Amino acid sequence: MTSLLLDIYERLYRRFGPCRWWPADTPFEVCVGAILTQNTNWANVEKALANLKQEDLLTPEGIRALPQDRLSELIRPAGFLNVKTKRLKCFVDWLWERYAGRLDLMSAEPLASTRDELLAVHGIGRETCDSILLYAGNYPTFVVDAYTGRLFTRLGIIGEGSGYEEIRTLFMSRLESDPALYNEYHALIVMQCKEYCRKRPFCSACVLQEICNFPGN
DNA sequence: GCCCAGGTGGGTA
DNA sequence: TACCCACATGGG
6 MTSLLLDIYE
16 RLYRRFGPCR
26 WWPADTPFEV
36 CVGAILTQNT
46 NWANVEKALA
56 NLKQEDLLTP
66 EGIRALPQDR
76 LSELIRPAGF
86 LNVKTKRLKC
96 FVDWLWERYA
106 GRLDLMSAEP
116 LASTRDELLA
126 VHGIGRETCD
136 SILLYAGNYP
146 TFVVDAYTGR
156 LFTRLGIIGE
166 GSGYEEIRTL
176 FMSRLESDPA
186 LYNEYHALIV
196 MQCKEYCRKR
206 PFCSACVLQE
216 ICNFPGN
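Quick note, the first sequence lines up with residues 6 to 222 if you use the working numbering.
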């Protein structure tokens, strides 16, 4: 399994890499983007991020000081504006109270305890949490998303209906604990699925069929 | 018009 | 635990 997961990674890397994720200028922008992209097309998230940047508000201080109705207006393109306004506020409040608004202080803490803390913040579920930890904090934690489940179920590597923690544990136990590897692997999964696996449940033109020789494809 | 997008929280059985 | 649903917008 170790070599299989690495083999898939290397094939994807040769086809798509390096992806240079997360697309953001600062660690804090990663966090905001991770919350805004929940069940939302990234193109819409970019519009919301641009609105915040234009007003120089894409900082912990900026979001914290922003009235809720104004924040809602700025992030409107990303959808779920009431939900996401509340989630952004909760995240920033937590960051402020716990780490004085400084992500670098958060990133100095151990992975397990920081992950538990973040998961306890309203609006931060497993995927958002791991995205923040990996892409903003450089922690060695694997991000699982809908693409990951879809792709590796199709490959027969994970069972249908496997849970988040189960999939994350599989990757982390079979791969070296390396933030750079987890970073690129997740990005590659998203890139290949965006290009080939949009039709549910599984498309027939999956890139892995093109670049890999998996029996049953 | 319909479906989907880099989920999460709350309610119910 | 395992479902179900609300949440909002924009592109294909």
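Some hints could be false.
BS3-like cross-link-like pairs, simulated, lysine-lysine; straight-line CA separation at most 27 Å [to be verified]:
(1) Lys199 to Lys94
(2) Lys58 to Lys94
(3) Lys52 to Lys94
(4) Lys91 to Lys58
(5) Lys52 to Lys91
If you are wondering where the hints come from, they were derived from the structure by calculation, not from laboratory data.
Just so you know, these numbers come straight off a predicted model, no measurement behind them.
message: Checking one constraint from the list: CA of Lys91 to CA of Lys58, max 27 Å. Satisfied?
response: 19 Å, holds
Given hint Lys94 paired with Lys58 - CA-CA distance at most 27 Å: Holds, at about 17 Å.
message: What's the verdict on Lys52 and Lys91, does the C-alpha distance respect the 27 Å limit or exceed it?
response: Answer holds: Lys52 to Lys91 is near 19 Å, not above 27 Å.
message: Next pair to validate is Lys52 with Lys94; report whether the Cα-Cα distance is within 27 Å.
response: Within the cut-off at roughly 19 Å; holds.
query: Does Lys94 lie within 27 Å of Lys199 when you go C-alpha to C-alpha?
result: Violated, at roughly 30 Å.
Checked against the numbered hints given earlier, the structure breaks only hint 1 and satisfies all the rest.
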